[in-house]
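K.L.:
Protein chains in written order, with this note's numbering: chain H, 21 to 200; chain A, 21 to 200.
Keep in mind the hints are simulated off the structure, nothing from the lab.
Heads up, a few of these hints could be off.
For identical chains, the list gives no copy identity; a pair is met inside one copy or between any two copies.
Using 20 Å as the maximum straight-line C-alpha spacing, the simulated SDA-like pairs for lysine to any residue come out as follows [to be verified]:
(1) 158 to 85
(2) 158 to 36
(3) 159 to 39
(4) 158 to 117
(5) 158 to 120
(6) 158 to 78
(7) 159 to 149
(8) 158 to 40
(9) 159 to 199
(10) 159 to 116
(11) 158 to 184
On a predicted model such as this, the values are computed, not experimentally measured, just so you know.
For reference, the chains in residue letters:
Protein chains: 2
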Amino acid sequence: MVDPAPEHPYPDGHRPDEAPAPHALLEPVLGLLGSWYGRGEGGYPTLTGDFGYAQELTFSHDGRPFLRYEARAWLLDADDAPLRPSARECGWWRLQPDGRVEALITQPTGIAEIMVGRATGNTIDLSTHEVALAPTAKKVNATRRRYTLTDDDTLTFHHDLEAVGQPMQHHLSARLRRRG
Amino acid sequence: MVDPAPEHPYPDGHRPDEAPAPHALLEPVLGLLGSWYGRGEGGYPTLTGDFGYAQELTFSHDGRPFLRYEARAWLLDADDAPLRPSARECGWWRLQPDGRVEALITQPTGIAEIMVGRATGNTIDLSTHEVALAPTAKKVNATRRRYTLTDDDTLTFHHDLEAVGQPMQHHLSARLRRRG
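Sequences and hints are given; from them, build the entire structure.
P.N.:
Laid out in structure tokens, this is it:
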């Protein structure tokens, strides 16, 4: 027999003008709040050829000075039809009083990454502070990420990767639109 | 102007008998799938007194050999009323062919932890493999966790912590019921 349970008393907000009021430190990243959907391309020397993918991103908050972050991608075939589930990420973006961002991002591939950076205007640049790897994870040394709000409803994303013996180089780029 | 976007083509399953079919490696942890709600107590020498909290846990999967994990807690006052949002966690539990579990768990407090362990019968024991800390995070050295399905609809949770100069010791324990 299962129990009915109360609704969570502190649901996340997904818009700056929605309860709960965003923490003041979130000001530089308020434009990210919400859900995003779009397309991207990726490649890496150790992968067999480039690939196209679709992606959902969600940023929310609960009134404290961090964003909840989740990303889900799926590969697309030559006809742009879904092929299979692909990269997933979740974590937290902590905003510091001096405007720095500390992003904790984990992936089911066994990678837990702590990135640091800053939100400058409409761009957030992040680079690796520390990477922790699960015992069976592939070797990832470092990554660089750039998120840019090119307008209120368009988010571009570029991701460079240094892994599996390869130097830092382009891995993914995507253009996402705010979901209605 | 925002775009309507297609539904995600690979939604997570929250029950063993629901699509998508769970990966065979998830067999030892199928009992965790779903949402859980319950109460817990916590304390630590560096905290001012013990505390009561309520917690939601969610385990889901997308057909691959890992669970998506999310936990949200909120503190309760002396009258058992919600006081404020508290600990949050998200991450992934990777199941290995030999039955080992690799759990990646991040917290908005700036902690990214990789734990390893095993599911034995109805109990999953995890201990720290590696901890990565955000530059401004408090110092956490290691943790130990035990999740036990005492019956199909009841999950107990014990969490020991070695942090901020204190030796490994009890930190949290909770009893959760499956949400209807």
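K.L.:
Against each hint, give a clear statement of whether it holds in the structure.
P.N.:
Outcome of the hint check:
1. 158 to 85: Between copies only: 16 Å across, 32 Å inside.
2. 158 to 36: Neither, since 38 Å and 29 Å both go past 20 Å.
3. 159 to 39: neither (41 Å within a copy, 32 Å between copies)
4. 158 to 117: between (35 Å within a copy, 16 Å between copies)
5. 158 to 120: between (29 Å within a copy, 17 Å between copies)
6. 158 to 78: Classified as neither: same-chain Cα gap 26 Å, cross-chain 27 Å, threshold 20 Å.
7. 159 to 149: both (16 Å within a copy, 16 Å between copies)
8. 158 to 40: neither (39 Å within a copy, 26 Å between copies)
9. 159 to 199: neither (34 Å within a copy, 38 Å between copies)
10. 159 to 116: Intra 29 Å, inter 17 Å, cutoff 20 Å: inter-copy only.
11. 158 to 184: within (7 Å within a copy, 31 Å between copies)
Hint compliance for this structure: hints 2, 3, 6, 8, 9 are broken, all remaining hints hold.
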